[in-house]
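Residue numbers (my numbering), protein chains in the order written: chain A, 11 to 256; chain B, 5 to 233.
It should be emphasised that the hints constitute simulated quantities derived from the structure, not laboratory data.
A few of these clues could be false.
Below, computed lysine-lysine pairings styled on DSS-like, alpha-carbon distance capped at 27 Å [stated by the list, open to error]:
(1) A:LYS198 - A:LYS92
(2) A:LYS92 - A:LYS110
(3) B:LYS222 - A:LYS110
(4) A:LYS92 - A:LYS129
(5) A:LYS143 - B:LYS222
(6) A:LYS110 - A:LYS129
Short derived list, chain A residues pointing at chain B, Cβ under 10 Å [unchecked claim]:
(7) ARG55
(8) ASN58
(9) VAL86
(10) LEU87
(11) PHE97
(12) PHE103
(13) GLU114
(14) PRO148
(15) ALA166
C-beta: ideal position from N, C-alpha, C; glycine also.
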Amino acid sequence: MLQLAHINKIYGKRKALNDINIQFPDHETTVIVGPSGSGKSTLLRSLNLLERPESGLYSFDQQTIDFSQPIAEKEVLQLRRKTGMVFQSFNLFPHLTVLKNVTEAPIHVLHQDKATAEKTARQLLQQVGLDQKANQYPMELSGGQQQRVAIARALAMQPEYMFFDEPTSALDPELEAEVLRVLLNLAKQHNSMIVVTHNMEFAKGVADQIVFLEEGRILFCGSPQEFFSEPTQRIHDFLSAMSFTS
Amino acid sequence: MTSQTWHLILTSLPPIIKASVTYTIPLTLISFTLGLLLALLTAMVRLSPMRGPFQIVRGLFWVYVWIFRSTPLLVQLFIVFFGLPNIGVQFSPWIAAIITFTLNVGAYSSETIRAAILSIPNGQWEAAYTLGMTRPQVLFRIVLPQAARVSLPPLSNSFIGLVKDTSLASSITIVEMFMVGQQIAAKTYEPLLLYSLVAFVYLIICTVLTILQSYLEKWTSRYIQTGNN
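Just chain B, with the same shape it has in the complex (with noise of 0.2 Å):
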């Protein structure tokens, strides 16, 4: 490599990584931690054997889930941010942002939290039940704690997945990674070697992530008894 293409890594990585920092991280944090939380309720009142007017309010979870599933994630943006003005909602960029992806996390998210929670063994229930417990005692103590482990490996992919997704906010003018690798390739005509620096980092970003699943993995499973026997 020349040494003029190792000055253009080194100018164009600090912008990018800052962007990263200030953009890609926090969008998704929020957003995932927002959406986890959302994806519980969703799964909750899905799960919920409660009748009468409540099955309305089941009905419009389900509603809910179907609609973010079935449409891209970029459309929605869209709609968020360039539609919802005609009718007078008006939201900033970073608001649109988190909306967006707070709920499509939400959507695909509270699928894996019910299946997980499903999986849980009806005698788990039953013992708790025996015991005197409620059944919010029994889903936050007995149910949810095992449930998250079985969710664990499916929610880092939700996880990861939206790391990358939030390349997408570029689209409704947030200047986050993607963006300013754009940016710098506009000013340099150098496509190839900034987009790739951009993928790098993304590839960084994810490496830690996997990592960390793989730790939070063990530590879910300190109960569970490995080996062939």
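Here chain A stands alone, though its shape is the one from the complex (with noise of 0.2 Å):
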């Protein structure tokens, strides 16, 4: 279980996570949406520490993690071993090969042997349809083929759970659904998952939790039947201009 108290997030004036309280469950798909600049990504970035809020507290089954006080390097390298995370410009080591950006922190960070690594490489690249791609350069491959090599490479690390922050932003829509397949599958195995989305189609498919975010606030957090149910004013006017019917 993965919890957030009270935090707050503050960019210069503007709060960008205004006093969140939140629960994750484990083995769930929690989906955040909201518009622009409502501070989706700062909310899952900060859950692997590579935002840093002013206060507040965060708990990870037995570890907690206290934003006002200093943390420490250890406390960050296991919380970040936890946990896992795709970004939505895929961000691949492009001086690797495919399979060496999926086995180099198994080998590198969790001490694995080279032929332990690539033998869980090689599986996780046929589980995302890629196993063909092991010696080509990422450069090589299509946005969408990226993409699936880095959910690769972060379910090597086996996290108990996986981050993905807008995974298919930068895709064309016939790349998005290769995307969006291979989560949905991850989700149907009940992995534990956080997912910034603004694919709403998406969101009502593979959601166990939603929730909506605005200008640092949580405005909503239920069930996607309740969220697309559009249970207020402020969620009919969202989920309205997200679409191209009136």
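Fit the two chains together into the complex; they arrive one by one in their own frames, and the hints show the way.
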């Protein structure tokens, strides 16, 4: 179980996160939606400490982090070991082949031997449909393929939680679909996932819990059924603005 | 050309080439290797996010780069070799030359390396951090291999520059290529011929390095897609 209490993050004068209180249940998929600049990415990036909120408590299983105190390097590494992240811009390591992108951290962080790491990596690449591309460099792949490698790279660390930060926002619709299918499969296998997305169809299909964020505040947290029944005027307006039908 | 001229060329070339092999080339290789290590250390210290007392160390490295980039190499050589004995610090010409060239290369190249590290997108750091890597791991395994590609052309510039700058070592009594040419010119009254010969040997050495550079550039860019797409 992953839990945030009274999280505040300030950029200059703007409150990017304003008293966030939320739980992310294990083995479920939470989808975070909201307009641009609402703090979705900041919230997600706080969960693996790429962002440091000014105050609030963050507990991950037995580990608790108080953001108002300095955080020890050991704590940071321990927390990141339990989480995996997929970025909007893929961020594959361009100087390493697809296979080495996936084995890099298992070998040098988990100290797996090369053979074991490569075996796991090939299985994961097969799972995302890219075992044929193992020896190519990232720049030789399409955006959708790169993102699927990035998913395999994160999974190779066997994280307890997977975070996806707008994983398909940089992709064409066709390539978006191939990445979303991978995510859908992961969700079906009851992985613990948190996904930031603008794709409402996908959110509807994959989410166990939906969080609606605006101006750094949680305006809604509940089931997708409830969310898409448009319980408030603001959610109605948001969903209307996201679709073409009036 | 007269046979006398040919004779002079053929008798002068061996000592000039010998001086390049015994002084110019080793002096360049040793100083550049040490200089690169110093440059890497300097760049890392200056980019380190550490606070507290460490900021004093960072300040010292800044002062070092500032001084060596803002004074002429020849003056630096004279201070180390002729100046320091006044306060009881005496070096042989070789050591004085290596120290000065190393410090000089270190200062310039640290800026090259610093810029190359900064040119690697922040997303690379973040992706590596989320995989659980420590800062040194990210630096040495992810960022520096990519920064090496970026810094190769400007570092090659510094390397080729150093080959030629070693001629300044003649002023602190090292009998390198230029000094040998000077000595023969003084005996034969043929300065045009002798200095041209010396220039020619520098040209050959630097041409070899230029070819080497283009191979290295191809090798370090092997993961980059080229062409118009």
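Hinted pair LYS92 of chain A and LYS129 of chain A, Cα distance within 27 Å:
This hinted pair holds, its Cα atoms lying about 21 Å apart.
Chain B contact restraint on PHE103 of chain A - CB to CB distance below 10 Å:
holds (6 Å)
Tell me if the straight-line CA distance from LYS110 of chain A to LYS129 of chain A falls inside 27 Å.
holds (12 Å)
Pair hint outcome, LYS198 of chain A versus LYS92 of chain A [Cα-Cα no greater than 27 Å]:
Judged against 27 Å, a Cα distance of about 20 Å means the pair holds.
Pairwise hint evaluation, LYS110 of chain A against LYS222 of chain B, where the allowed Cα distance is 27 Å at most:
Holds, at about 21 Å.
For the hint on VAL86 of chain A, just tell me whether its beta-carbon gets within less than 10 Å of chain B.
This interface hint holds because 8 Å falls under the 10 Å limit.
Return the status of the interface hint for PHE97 of chain A: holds when the least beta-carbon distance to chain B is below 10 Å, violated otherwise.
holds (6 Å)
Assess, step by step, whether the Cα of LYS92 of chain A is no farther than 27 Å from the Cα of LYS110 of chain A, and give holds or violated.
holds (21 Å)
So, LEU87 of chain A near chain B? Judge it on the closest CB pair being under 10 Å.
holds (6 Å)
Hint GLU114 of chain A vs chain B: min CB-CB distance below 10 Å?
Holds, about 7 Å.
Does LYS222 of chain B sit within 27 Å of LYS143 of chain A, going by the straight-line distance between their CA atoms?
Judged against 27 Å, a Cα distance of about 22 Å means the pair holds.
Answer holds if the nearest beta-carbon of chain B is closer than 10 Å to that of PRO148 of chain A; otherwise answer violated.
holds (8 Å)
When each numbered hint is compared with the structure, no violation occurs for any of them.
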